Amino acid sequence: MEKILIDTKDNHLRVALIVNFAQNVAPNNITAHNVGDRISVEILERWAKDERIRKAGNVVVLVTPLLASLAEGVKSQNGEACAIRIPRPNEEERIERWEYNRSLNGVQFDKDLGSELLGRITNGLSLKQIDGIYLLAKEQRVAITLGLIKEKKQEILETEFGDRLKVKCPKWGLDYFGGKEYLKRWGKEINDNIVRGTWRRVPMGVIASGPPGTGKTFFFECLAFECGFNFVEITNPRSMWVGQSEEIQEKIFAALDDLSPVIVVEDEADQSETSRDAPSGDSGVSNRLRQMKFKFTSDPARRGKVVWVRISNRPDLIDSAYKREGRSDDTIPFLMPNADEYADIFKVMFARYEIQTDIKDFALFAKTVAAKYYCTGASVEWMVLEADKYAGRDGADKVKDKHLEMALSDWEMKNNPQEVDRQIMLAIEGSSKRLRPDNWEEVLRDVKSRLYGEQVSEQSLAIFPGLEKRKVSV
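Heads up: the sequence shown runs through residues 1 to 474, numbered per UniProt numbering.
What the hints contain is simulated information worked out from the structure, not anything from laboratory work.
No experiment lies behind these values; they were computed from the predicted model shown.
Built from N, CA and C at the ideal position, the CB exists for glycine as well.
Check each hint, because a few of them may be wrong.
Said to hold, decoys possible - Computed cross-link-like contacts, EDC-like style, restricted to lysine to aspartate or glutamate with a CA-CA straight-line distance of at most 20 Å:
1. K150 / E226
2. K152 / E189
3. K168 / E158
4. K128 / E99
5. K305 / D329
6. K138 / E189
7. K400 / D329
8. K9 / E51
Unchecked claim - Here are the in silico distance ranges between beta carbons for each label pair:
9. R38 / K188: 53 to 59 Å
10. L136 / K188: 16 to 22 Å
11. N287 / R38: 27 to 33 Å
12. R324 / Q108: 50 to 56 Å
13. Q140 / K360: 40 to 46 Å
14. K367 / N287: 39 to 45 Å
Based on the provided sequences and hints, a complete structural model is requested.
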């Protein structure tokens, strides 16, 4: 093979040597290298520097699903080897493929599924995977519907990226998120900018903070649905093997680029990596992973394509470099709902779980929950599901007032109220002013009053009747 590549005779044929699955020929895992791997790496490095191959007009192409999986020596040839990333098809290419499949007339399409909508909701899929959905529908003699597309897309993405990412196809939009109307307006503004293509107005990243159960993760899942984005929950890339943590991290970043446009949720962001000042004892792995993430999350080319959301109950523990503009443009506080928002959450929870009920007005229940004060949206969700269980025990098809009343009386606070107040205070103080609720000053004053023993305001007592009883002694 080398003789053919270096042949510079006048009548020689030009050759392109294509090596598929090159990561198996020259793997990056140094500890696993055997003699054969080392020889393969040495040959490829030598070919990259061989002027005779260039003069002969020949080329060697290494094909791999991930650049990080190739041996470092093969990649770092100072311009002798050039890395070219082949991206997934964009929306226009997906639309074109769906139009072609439609023209075959082999499958019936749902009347509401136009080619443009199909191109949008199949983001993250390759053309081959799109064809696979079409051929499956043809083989099973079923129509292509929105439900079928979402089901098959979820299966494909879980199979392809499940070892690195938790990929979800959102089911609900912002109409299924109870309360927080000011945040919904912010989310719809982002969606409008995406539709118009004004990427500069879309945040690079977001920090969402507040007590557990206030709907931080679910809000961004709903936002992903509204924007037509994929939704991903990221996992820790660290590995016990030398060099594998960096490779896994690069795999994750490559997958996010393939899945774009995507909303990435990094839950418990304050605990996802060690502090810079903490002794790591990992030969610099933590610092390298941090630098890789800094570079990825601040790349302006990804604005409007990858929105990185850091979720935390303790935003004060997140590295300050992640908080700067250009990595986290918006910081959102998720606080306890008020009485009006509780009523909306009750209504939404019954709709989300498709639970039948005779209850028409949730205002009285909302007032009861507000009096408990430390109830979150997750608490209301639990109450609705408990009420449905009570209805089932009574043999009732619908939840009645008495069932929900029993569920409310069953609820008890499990979190430390002092810790919850501290989380509320931190969420407000570190947030973007325009994304705070209208009564944020009142809430902050009352939280500090409970933490530091001052007087609770009359306005807050009117909104939360049980507030004064919940004072925390420090």
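Verification of the hints:
1. K150 / E226: holds (15 Å)
2. K152 / E189: Given pair K152, E189 is violated - Cα atoms ~30 Å apart, limit 20 Å.
3. K168 / E158: Holds: K168 and E158 sit about 8 Å apart, inside 20 Å.
4. K128 / E99: This hinted pair holds, its Cα atoms lying about 14 Å apart.
5. K305 / D329: Since the Cα atoms of K305 and D329 sit roughly 15 Å apart, the hinted pair holds (cutoff 20 Å).
6. K138 / E189: Not satisfied, since the Cα-Cα distance of roughly 39 Å exceeds 20 Å.
7. K400 / D329: violated (45 Å)
8. K9 / E51: Holds. K9 to E51 sits at ~14 Å (cutoff 20 Å).
9. R38 / K188: 53 to 59 Å: holds (57 Å)
10. L136 / K188: 16 to 22 Å: violated (35 Å)
11. N287 / R38: 27 to 33 Å: Since N287 and R38 have Cβ atoms about 29 Å apart, the given range 27 to 33 Å holds.
12. R324 / Q108: 50 to 56 Å: With Cβ atoms ~52 Å apart, the hint holds.
13. Q140 / K360: 40 to 46 Å: The hinted range 40 to 46 Å holds for Q140 and K360, with Cβ atoms some 43 Å apart.
14. K367 / N287: 39 to 45 Å: violated (52 Å)
Taken one by one, the earlier hints fail for this structure at numbers 2, 6, 7, 10 and 14, listed in ascending order.
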